[in-house]
Amino acid sequence: MTETLPTAPPTRPRAERHAPERRETGSGNKLVGRSVPRTEDLALLTGTARFIDDIRLPGMLYAKILRSTTAHARLNGVDLSKALQQPGVRGAICGQDLLGKVKPWGDMMQDLLVGDHFPFATDKILYEGQEIAAVVADSKYAALDALEVIEVDYDELPVLVDPEGALDPESPLIQEGINYEFGEGNIFDRYRVRVGDAAAAAADADVVVRQRFVSNRQAGAALDPHGCVASYDSFTGVLTIYSSTQSIFMVRDVLADTLQIPRNRVRVVIPEVGAGFGSKAQMFAHEVIASVLSMQLGRPVHLVLGRGEIFRAGTARTGQVRYAEMYLKRDGEITGYRDYIVHDCGAQSLWGNQVVHIGTNVGMLPYPIPNIHIDADVVHTNTAPAGPLRGFGIPETIWAKEQLVDMAAERLGMDPLDLRARNVVQPESFPYRTPMGQVIDSTSIDRCLQTCAEAIGWREKKARPEPNEGVGLAVSMKYTSCRHPSLDTDLSAVRVRLETDGTVTIFSSDVSHGQGHATFLAQIVSDVLGVGFEKVALAPPDSATAPFGLGTYASRAAAVLGTACRQAAERLREKVVAIAAHVLEANPEDLDTGNDRVHVRGLPDTGLYLENLAGYAAYRTHQLPPGFEPTLEAVATYDTPTEREAPDGSGNFSVTYSGAAHAAHVRVDPDTGRITVIDYAMAHDTGTVINPLIVEGQHQGGFLMGIGMALGEDYVYDDQGRLLNASFKDYQAPYATELPELTKMFEIPAPSVNIPGGQKGAGESGTGPVPAAIGNAVYDATGVRFTALPITPDRMLLALREKERRGLDSFRYPDDMPDFTSPRTPDEWPTPTGSDEGDLLL
Amino acid sequence: MQTMTLTINGTEVTAEVDERTLLLEFIRDVAGYTGTHNGCLEARCGCCAVEVDGDIVKSCNVLALQVAGRSVTTVEGLAPQRVAPLEHITTQSLAGVYRPLDALGAQDDDLHPLQAAFHKCHALQCGFCTPGMLMVLKDYLEDNPEPTRDEVRKAIGGNICRCTGYQHIVDAAMEAAENMRPVAAPAADG
Amino acid sequence: MKPFSFHSPRGLGEAVDLLERHGPGAQVIAGGQTLLLAMKERLARPSALVSLAEVADLRGWRYTDSGALEIGAATTYAALAEAELTGVPLRGWHTEIAAVAGDLADRPVRTMGTIGGALCAADPRFDMVTLVVALDAELDTVGAGGGRTIRAAEFFDPVGGTVLRPGEILTTVRFRPQDGFSGVAFEKFRYRVFDAALVSAVCALRLGADGAVADARVTVGAVHPAPVLATTAADRLVGGTPTAVDTVEIGLVAADEVLPAEQATTSVRRYQRELIGVLVGRAIARSHERAHTTTAGS
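Residue numbers (our numbering), protein chains in the order written: chain A, 29 to 870; chain B, 394 to 583; chain C, 4 to 301.
Only chain A is shown next, with the shape it has when bound in the complex:
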């Protein structure tokens, strides 16, 4: 596999195509480590792949949802009678129709006593875009026409948009009638970390830097819309639901629980999923609505959301306001970190409160800070539901913490590179447990840092700065799997089957939606089993056939799913070797696998083909060793050796940690405020890379999310809670024209020790450091320290003008703007609402 094809002779015009040169080669004949192009591509490239909106079932009807246009209101009644009279309409439902018939959900993930999610608003509207009613009809147009004649009677209530407003006990109460274990009013949960003695660290510090930071709401905005097709068979009681989701069993279990039907009567089938980024990692109201309508009508119901609906009612990144402090010694040692976080989960949220736990804990890396004191008030506002989004709280934490590092460097008169190098975790021996509890099994973060700085030309650029240009650094270490405080599990499972012709089928419930599972799992199986890569296929995900697993999120696929797959393949290998040993009358230890066969070690051309061995196990069972259980399937479940969060907030939530060091070089147009990223360098430690090209793509995609968060993407609300940019026209998702060339990418592997293959998660390393690296570079270029995201041209220019007008060398935006009304200085900062008494964890 190392030769390239000869260039075709130039006399054939259509064949005058350059033979592609290969990018990467692995070592030996193993596939792990090689940039094998993806097997899933062909269907996607030729248009034959079927996404949710492409599913057509006989007799299928189309449903559409009426959503609230107000953000907070008392809902008095919904009149569906006119809608039901409309031509082509087959049914219509609203919240009152389902009261007592479907169970609220959301209790499991949030540790609530009862669920706070329901398919429709019943007596109260909590946010703009909340489900009010649904119509099902013969066509989409008929359903949309009918929505227009539904009459909704409501009385508006005062609206709460500002998360800090939620701290006021007098603020309009959003969720009524829900019991919160650790909160009250609009504060529905609390979080705290008490590691070491932060007060003593503050007292002993030579330098203290403090700043209030705000981070933005960001949409996943996966292009493939959220949606499902539900089909209920009233005779068998089986509900089949095709859904565009990241997690089969989260949908199945929560849906079955909500509908109160047996879990083995719900079958979740996953078509191609056009990305998620966390925004599809839960069950949604539309999945319940389509199921209920199908159960009522006995016909398949198609319900795919429109873009505006997804912006308003899909989940968006949690918003944060942070009052952050960092304590340092004169030599640059970071001795403490203190933070008070107001964490905005929108009007309702399944995962939102978990974000602050994981994002804050893991966000402390790559520094082993000995003294940490953090409080968080987790609040509801009348805004879009919040949920996981690429980075899961880490970009938010890094945004604050890595800017504090630069502020400290300035105060200490140190180069920000040197200050980071002084502090990044580089233990003398592994595994090393940080004060925060993370167990570092390997890392190359120090080399990542130096490499990206060198690639951007850090020293030269700091020595000879160009006007309006600047450079910035940020580092992070990202979890590779995650044991959430409320969801005490971190497992994936794989079943592999050697088919009777020697091909292999992999079954998994972790949905691939861009990560290339079919390819990298086949690479692993091919290496372990010695079977040809092209003979390995991944079965379409289906809850009826796949082993139980949590789903694809938290950068866990390569490490957790990959490990389960490796273990399953190893078990299968033991089986085929056992059969071969019996047939060949050889000692199993003398046998090896390769070239599609089991052979005597050192004699790869001898032995028995897998095809024959599989045939024995299926059709010629008398050939099997005595007592051998026929058929060749093996299943493995891998649950990571991770910990639950301790009462002091510490703990090792991830099986290993991926390093990321980024360096940004920006130019700011002093006339228009436009910020151009002219160069960007990323160095990552993704452990042993299974497929370098896929990992590179993950990093580049992660960067896109980071740059969107840094420079444009945001949920812009008016004071009545109306989302003003719920379309791709107004929502500033970056196009290709907004991104720099990403060629300075470095992989510095420190193979994981905990993971048998050595791999680490790739999905989110590209995102975490980006906003902070850009923020630091913008400060270097202009002297304007952005404390709120995103850094848009208008904010940049207004900050520059105000800084100029006041004749300042450095300036904070928006804190130093004349119209800024939030706390400006530490003496104005609020105190956390919780007390130190009591145990925040169960």
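Quick caveat, the hints were computed from the structure, so don't treat them as lab data. Any given hint could be a false lead.
[Said to hold, decoys possible] Reference listing, derived: stretches of chain C covered by chain B, where coverage requires no fewer than 3 residues with Cβ under 8 Å from a Cβ of chain B:
#, segment
1, 33-45
2, 108-121
[As the list claims (entries may be wrong)] List time: in silico DSS-like cross-link candidates among lysine-lysine, alpha-carbon distance up to 27 Å:
#, chain 1, residue 1, chain 2, residue 2
3, A, 110, A, 129
4, A, 490, A, 831
5, C, 43, A, 757
6, C, 5, C, 43
7, B, 547, A, 772
8, C, 5, A, 168
9, A, 603, A, 58
10, A, 357, A, 490
11, A, 757, A, 168
12, A, 757, C, 5
13, A, 168, C, 43
14, A, 490, A, 772
15, B, 547, A, 757
16, C, 43, A, 110
17, A, 129, A, 152
18, A, 131, A, 152
19, A, 110, A, 152
20, A, 772, A, 489
21, A, 110, C, 5
22, A, 489, A, 831
23, A, 168, A, 110
Being a predicted model, the structure only gives us computed values, none of them experimental. Virtual Cβ for every residue (Gly too), placed ideally from N, Cα, C.
Using the hints provided, position chains B and C relative to the given structure of chain A.
Showing chains B and C alone in chain A's frame:
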């Protein structure tokens, strides 16, 4: 309702349609070519891009009746399914059929050079935006066979991809451009 | 979308008849790139659509005997953008029209979108809206009551929309002959390349025999419901020589004129005010340069 005809990927499709039918809906729901995707319905994401008489349009923002009688090419038209292939994929021929590492795009009956380059360069992850990207780039590279990377970025300046960061897409476009450029043919008519 | 009937007339007369027959709910559709967005959101609810796609005389452009440039209202941006490759290439400052047409929205939208469609949609952020006012174009219309010619500045209602009457069709956009201006420059700021302008500015100059500016038009778009002529700023240019003009200062004059500080109370407005100054300054500088090149070359 009006009766209208479109030629889609070389096949005439006639149907009686609601006047509101978008070109996107005609392609997907009437003609059954679901490779053309609906990502936003507001002409912003580009997933629905197709060619009409050789010009690129966003099919979610064109009424089918506006282009009645004209000829449409969708992603399915770039490398059509082989009709009644003489050789089916067998276990033995799997290795030969799956030869994406080097060979795809190097022969006449393979993928379009853009599809091959997207595959080789890993220019797609979830693949939802891919058909639109392919169609826009096909249209663009046929007009501008020797683009710069910045020009390619501008050409896909109305197509959103949330997965790739665009880097590999631009790589693929540059590579495909090379393979799409016609060989300097001997001047036929002076 | 709400239900509607769809009509494809072959000629202008038939189109006018259809609009009259279907009454006030009838609407013209050219490329439909703006109208269809509004219809999908159910913000526009026409009962009948009269398509101009088959009306051949509304597409393309020509130079009249007097040297004026007449562009058919249903000419697409894509066609205009590639004017230099056609049998009737645009000349001199008219090429700025093609340049503007080729640098808005994206290729697929330019394939369908038409100059007349943009003008009738009258979205102030649309580049063509600003450009026709800036270049003092004349717009020809026909309706059941006959035809009329409207100057671009009067075509747009200052509070938004156009002065088109129900059933009236925009047919032609006419730009001055070459000697109307010596140099024209269009500038805009948009967040992303695909976005509509947050502010656009045009400077159109005519130089006298002495090389001094004899005539100037400074126009700012996207700020108010219709494009605004910054006459004080333009007057400041007259009588000067291209090199002596302090473009920054006149940009600020334009900003004061179009969006005075006391009106710029929100951050978006303050930003637009800053951009007016910058973009007008850039437009002046670039139009001067072009006027100078043109004059020197002739």
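A quick look at each hint next to the structure:
no.	hint	verdict
1	33-45	holds (count 5)
2	108-121	holds (count 7)
3	A:110 / A:129	24 Å, holds
4	A:490 / A:831	22 Å, holds
5	C:43 / A:757	14 Å, holds
6	C:5 / C:43	8 Å, holds
7	B:547 / A:772	22 Å, holds
8	C:5 / A:168	12 Å, holds
9	A:603 / A:58	21 Å, holds
10	A:357 / A:490	23 Å, holds
11	A:757 / A:168	23 Å, holds
12	A:757 / C:5	22 Å, holds
13	A:168 / C:43	12 Å, holds
14	A:490 / A:772	19 Å, holds
15	B:547 / A:757	17 Å, holds
16	C:43 / A:110	22 Å, holds
17	A:129 / A:152	18 Å, holds
18	A:131 / A:152	17 Å, holds
19	A:110 / A:152	22 Å, holds
20	A:772 / A:489	16 Å, holds
21	A:110 / C:5	17 Å, holds
22	A:489 / A:831	24 Å, holds
23	A:168 / A:110	17 Å, holds
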